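Those sequence lines, one after another, are chains V and P.
Position 119 of the first sequence, counted from 1, bears residue number 118 in numbering that gives the first Met the number 0, the numbering being contiguous throughout.
Position 277 of the second sequence, counted from 1, bears residue number 276 in numbering that gives the first Met the number 0, the numbering being contiguous throughout.
Quick caveat, the hints were computed from the structure, so don't treat them as lab data.
On a predicted model such as this, the values are computed, not experimentally measured, just so you know.
Glycine included, C-beta positions come from ideal geometry on N, C-alpha and C.
One or more hints might be untrue.
Computed list of lysine-lysine pairs in BS3-like fashion (alpha-carbon distance at most 27 Å, straight line) [to be verified]:
hint, chain 1, residue 1, chain 2, residue 2
1, V, Lys181, P, Lys119
2, P, Lys119, P, Lys183
3, P, Lys319, V, Lys145
Simulated DEER-style distance windows between Cβ atoms [what the hints assert, rightly or not]:
hint, chain 1, residue 1, chain 2, residue 2, range
4, V, Glu148, P, Val397, 49 to 59 Å
5, P, Val397, V, Arg166, 50 to 60 Å
6, V, Lys181, P, Asp160, 26 to 36 Å
7, P, Asp171, V, Ile244, 40 to 50 Å
8, P, Ile9, V, Lys265, 38 to 48 Å
9, V, Val29, P, Pro36, 38 to 48 Å
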Amino acid sequence: MHAIVCIKQVPDTTEVKIDPQRGTLIREGVPSILNPFDTYAIEEGLLLRERFGGQVTAISMGPPQAEEVLKEAIAMGCDEGVLLSDPAFSGADTWATAYTLAWAIRRIGTFDLILCGRQAIDGDTGQVGPGIARQLGITQLTYVFKIREIDFQRRRVCVERLLEEGREIVEAPLPALLTVLKDINQPRVPTFMGMRRARRAQIPVWSASDLAKEGADGRFFGLEGSPTRVVRIFNPAQREGRAEIIEAEDIGQAANVLAERLLAEKVV
Amino acid sequence: MDQAALDFLIDLLGRDHVSVTDADCDAHSQDESFHPPHCPDVVVWPENAQQISSILKYANEHRIPVTPWSGGSSLEGNPIPVKGGILLALYNMNQIIEIREADGQVVVQPGIVCDELNEKLARYGLFFPPTPGSSDVATIGGMVANNSSGMHAVKYGATKDYVLGLEVVLPDGQIICVGRPVIKSASGYDLVRLFVGSEGTLGVVTEITLKLALVPERMAAVAAFPSMEAAAQAIYEINRYGPIPAALELMDPQIIRLVNEWKGLELAEAPTLVMEFHGTPDGIAQEVELIRETCDYNGCTSFQMAANPTERARLWEGRKEAHNACKYLNPGCSAEIGDLVVPISRYAEAVAQAYQLAEELGLRIATFGHAGDGNMHVEMLARKDDPDEQARAEEFNVRLVQWALSVGGTATGEHGVGIGKRQFMRQEHGAALEVMRAIKQLFDPRGIMNPGKVFPDGE
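Take the sequences, apply the hints, and build the full model.
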């Protein structure tokens with residue numbers, strides 16, 4: 000079994016403050032962390048390796064300091080990490096990011112599964128995972144909260160997806176890309192054994208030219224390769240809330256009035 | 000409380016940080032214990048030590064009681080403002096001030112929740128070990144005040160073993176720092192240990208420097224036994240001949256029945272040991288093998304193991320839900336929880352003693368606890384509308400604690416004295432209680448800090 004886990008270094012948004020004038024994030028002094036959703040993808044890869052043996056490779060695109068999150072993935076138990084870092088990659092939108100990661104995955108070679116978190120807490124798009132699957136022409140299974148069965152002989156995986164209208168059970172051929180929800184497992188924390196391994200781990204850094212040798216088209220990297228343009232960033236207008244106290248004869252009647260109001264407002 | 004005092008607080012903290020509304024006073028009138036609620040006159044939310052200093056200075060001058068409150072999850076009424084006055088809510092002071100990775104230390108404010116601290120520390124491979132069962136809500140400030148600990152105390156000890164330094168506001172408003180951020184020091188009286196476990200009766204802790212531990216590899220194991228005697232014998236052999244696990248918990252069949260019903264589990268209704276092992280993979284493998292041999296020798300009927308966190312959580316679920324199962328499956332009952340500790344050689348006897356007493360008094364109980372460190376919890380289930388049963392539960396508690404004290408134990412292992420254990424202070428400490436009173440008098444001569452706690456009434 001070979002699982003590739005895509006991870007991202009993000010600002011710790013619990014520490015981020017917003018510039019009230021400009022409506023933008025104040026990033027100075029904010030610590031960078033491993034995207035919390037990605038820890039579930041890493042854990043799922045490690046659980047599969049415990050059951051079936053094999054290898055878990057973590058991959059990330061980012062500035063040189065993104066090596067830290069790959070070391071964290073190795074500290075959790077991943078076998079290897081690969082960093083895609085090149086000024087040419089910077090400013091990539093979700094399409095260009097998916098394009099770049101897909102070429103790096105081709106360079107890694109054969110795999111059974113690609114695992115991603117449901118989204119990154121900074122961009123919140125949830126598009127890179129599906130984008131990679133599309134680029135590689137493999138099945139994407141998003142919002143996975145349980146792997147029901149996986150059969151590496153028959154090359155099939157069966158998962159449960161958690162959707163707004165309920166749970167969906169789907170089967171797909173391997174290799175497949177899964178984006179996982181936090182209900183899927185409980186991520187392990189790095190132990191001192193893992194930290195020891197991570198400290199000495201060498202993380203190869205792949206550049207734009209490394210991927211170009213595989214056949215990637217350099218025009219599709221980074222800002223230049225990104226179809227998305229950010230026109231303006233602004234805070235949406237605050238919605239005005241208002242309170243209302245329902246007067247009624249007794250609790251039962253008050254509950255009826257409340258139910259009618261909620262239905263009328265289409266809250267329920 | 001007079002208007003002048005309220006005006007002072009509003010001037011100092013701002014209107015948003017002072018409340019006298021029923022909702023706010025109610026919300027700070029009762030902890031998780033069975034003790035009756037009591038409202039403060041005013042709830043305040045200070046943001047720093049300087050503000051707390053001003054509040055205490057004013058309260059001291061005007062003899063207004065001050066009760067610190069951080070998580071409100073305590074089990075002995077420790078933060079209930081029984082004399083009214085000012086309720087000092089500290090949970091907004093919840094920041095990590097500094098992580099000293101290379102020193103294995105962290106500096107925090109008192110309001111940070113234990114689990115949230117450990118989540119933030121995880122990426123450094125560090126953790127604060129003495130997590131109580133309520134670590135999802137318990138704050139570090141509250142843990143310091145009550146010298147809390149939990150299931151891993153057998154290996155890691157209690158909060159007192161991890162506090163290196165404290166910033167404390169004294170009742171007269173003076174701000175002092177005690178301790179040094181080093182592993183050892185032979186300099187002067189150990190004031191850190193004096194404040195740890197003082198339950199907010201000596202001052203208000205506003206900053207805490209903690210020692211941390213390296214996150215080890217972990218393995219959980221669960222062993223079921225045919226009888227309490229067999230389980231007790233296994234516990235004795237583990238404690239006496241080792242190896243000592245990182246957690247060694249005993250659940251009786253009664254508590255297993257309750258958690259099965261509460262969480263829909265299918266645990267065998269048998270005396271059950273829940274254990275955890277920490278260390279290196281090879282070290283853990285050997286420890287588990289030796290413990291398994293001990294359990295087998297003593298007739299254990301099943302032995303399950305798990306290493307990854309998802310499976311470990313499954314094995315631990317029953318133990319973690321023990322108190323909630325008692326509480327929520329018995330509506331209309333007060334689930335008073337005992338917290339005594341006996342020398343570990345008397346642990347099995349303590350369980351037997353509890354059941355014998357319960358039978359004598361016609362009371363429903365269930366026990367679980369930390370067999371590795373001698374700390375037993377007893378859930379006493381008494382109907383709130385049955386004064387006779389309530390009285391029998393109280394008698395049970397008193398007699399069991401007195402028995403524990405008679406064999407060299409203590410009235411509380413981790414919940415603190417609060418309101419409920421004050422009656423045992425004289426018996427437990429004898430003349431040393433007067434020394435405690437003298438210390439209290441020295442720090443807080445006007446008795447404003449958390450009055451009505453720790454010291455027995457009417458002496």
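**OP:** Please flag the earlier hints that this structure goes against, numbers listed from lowest up.
**Re:** none
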